[in-house]
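Peer 1: Sequence:
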Amino acid sequence: MRPVQAPWVRTRLRAAPGTALALALLVVLTACLAAALPRAVDRYEDAGLRRAVDRARPQSTTVAVWAQPPSPLLSQEQREAALRPGPLAARYAKIRAAVDSPLVPDPNQSTYGVRTATPMEASDNWLPRPSKLPARISLAAQYGLGAHVTKVTGRLPRTDGPVTARTPEVEAAVTAATAKSLHIRLGSRIHVPAVGRASLAVRVTGIVTPRDPEGAYWSTQPLLRTPALAVVPSNDPNKDYYWLGALLLSPDAAPALLGTAAVPWSYWQYAPTAGSLHSYDTDRLRSVIASLEGGPGLRRIGALTGPTTTVSTDLDQVLGTYTALRGGVRPLVAVAAFGAGTVAAVVLLMAGGLAADRRRTELALLRARGASLRGLMGRLVAETAVVALPAGALGCGVALLALPGARVSYAIAAAATVTALACATPAVRAAVAHRVVRVHGGRADMASVRPSRRRTVAELTLVAVALGAVETLRRQGAQDNQLTSLAPVLTGVVAALLLVRLHPLPLRALARPAARLRGTVAHLSLARAARTSASAVLPLLALLTALTTAAFGGSVLAGVHETRDRAALLAVGADARVETSAPLPTGLPERVRRMPGVRGLAAVSIGYQAQPGNGTQSVPLAGVDPRDYAELADRTDLGPFPEADLTARKTSGAVPALASPAVAERYGSRPFPVRLEDGSTITVRVTAVRSRTPAVTGDDFLVVDRAALSRTAARPNALLLTGAHLDGPALRRASGGTASVRLRAAERARYVDSPLQSGAEHVYTAAVAAGAGYAVLALLLSLLRASPERAALLARLRTMGLTRSQGRRLLILESLPQAALAAAGGALTGWATIRLLSPAVDLTTIALAAHDDPAGPAALQTDPTSLTLPALAVVAATVGAATAQAWWTGRRGSVAELRAGDTR
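The letter at position 669 of the sequence shown is residue 843 when you use our numbering, and the numbering goes up by one with no holes.
There's no promise every hint is true.
Straight-line distance between alpha carbons at most 30 Å, and here's what the computed DSSO-like set of lysine-lysine pairs gives [said to hold, decoys possible]:
1) LYS306 <-> LYS413
2) LYS354 <-> LYS413
3) LYS306 <-> LYS354
4) LYS325 <-> LYS354
Hint data in this document are derived by calculation from the structure and do not stem from the laboratory.
Between the sequences and the hints, there should be enough to build the whole structure, so can you do that?
Peer 2: So, in structure tokens, the structure goes:
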């Protein structure tokens, strides 16, 4: 009879379906997170780039190609033909084809046309003349006018037959804003100077309303949309003004500009498509722009439009500003990514090692019966790949669907790396354990296994690399390179290695006095904890790396929040500020004081044009109520001072004043006069110096008692409020709608003005949370690995009289020392990492983006919650898992755990 051989993979999956399902879930989760990280980064970086381009004016982002008029050596017919729509459209298409990707023009906002290089004086007297100067008019024949207007009063301009340079009259349209400012009506004729003949008459046939006034079609050359009141350059303080406006001609009327006194330039403007801009193409895009402005791209365009062609755009400056912001954010996100990735990799290694250790006896028997090491590894890889490959593909697919619009290659590579690690770990672990054929292995605890020389050298090398990374980060700051981003992770790795080597020593020292106690549980648990498995380095590595990353991440987020709060406080001066240029109504302070949420109020009279000394410089002077203002300064921590500094007068009779360092240095401690805005004068003497004060921002200020001012100067024009949940609309209604109301919360929200900032914070938080979750999973895997041996121990001890409560305490006390040391070590390592790296990490970019920070650079802030909460969670998870294991083992009974020949 022919024997039937059962397939290896199918047999193994049927024998342990729970293990296969657990591995599949772990790979799905890890592959999904690994694939989602680069796509999330791409998405918020792309959103930040598009926001930066959208917020910049089209004048800055549009690429404009300008060509001088046709050569005078050509015939008049050839010159006129070069300005007609057909040739211009052909060149528009050729220039667009010559522009290299990733610069993709937007066809809806890009256009071309002809425009006079300089505005011309209109001779019509009915046009407005603010300083008796004639208005100046620019003529433009831009393609696509009909598609970019929503309303036309009258009709769009057109031509009756061919237009030449000798045509006496053409039609034009104007925008509603131009018609209103220049008093233009339908049928109005505007005359501009011509060359060698009478003036060119331009008859207005339509008044149009732009469809998208802020779009590139209208805003690349704003004069086409909105007139401007220009000033004549002069040193005379009484400036002269004149109006600038534009008339929109039909594209077929462009040859008429050759007959005017101005030089007609042809232009082609290309607005970038916002959806085609990607952060990873920024360097290529800047290279393309540089080529267009003065490189091979300009030569290609010049061959189409003429040798005097120029290309102008400020898009490269917009990209440079964005690149600087991105460069400040990326290293901080990389720290969280490396931390979470390290912990996830450790969990995969532990899961693979657990699977290989659970089958140690089976694999040893196969090796004893002649199985080759290569064949054994191939079988393990095959049975793991059957589960891991579909799981990895599923996780990657979920990430691709959940986060669309980003690069696919990095996501697939990340998911493939996770899958490959999951497939290779059990096989490599088995190959290392079964290189030599043996049936029974020796003990693998710290008492019997000593670290080898190779391991010692590897650990010392890792310590040297970590020290080098930390020193590099302290010297050079957080830069976009992997070594400095790995510094917090390497610090956690070094701490884990030290803890693995040192933690048995205090446990053994505690076990000796515990042996003299009456009970055996304490001594036995400490003795077993001191002889923990030699492979405990992976769970400790996961725990310490996660705790260090969480502490570092908490310090980053705390530093960002503190910087924004401080900057908002410095900008407003309190939780809310109500200010007017005129004195406030008499009863307003009391009405505001009674509003919900108001904790404190200080009424201040601020004169920004006070003139101390000889009156050559102006210094803001604030008149305050000493008690209210001292409480405000103390509550906001903006230059706190005792009330007596503003109330105690000397025999000289000078008014005590609080001054900034610059003012105190300039006028010293002697009395000096100050002329106020109402013409009155007081004599003040500097009695206190503070670098900040709530009422006034800036480096120059004086603060005095309001009672010393004249009645007019003492009337308050600002209210500084403190309190929680202040109602901005209610404050505006109470002030009558004429006062400026600024809230600290609104000012703080203004600093988050780029998706780069918010996206980086979200990714950082998610990465830290994922790392913490994997750390807990690593802890559970370490307990699960030791659970069979602990269950057998409890069963043997119960046969010798150990009660269930004693067994529960034994498992808890055995697991608690290592968890407590890991928690304490993680918190200490996180604190040390923050202290070490704080001088090198500047959070100003991620906190305030392009805003100025009056408080100086933003630094890391130690967050007690991120230091203690994860550490306590580790201890709680350990106690909970040990309690659950003791309960479950007690339910099964001793007979189910003890077997003849069991080596556990």
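Peer 1: For each hint given before, does the structure comply? Return the numbers of the non-compliant ones in rising order.
Peer 2: Those not satisfied: there are none.
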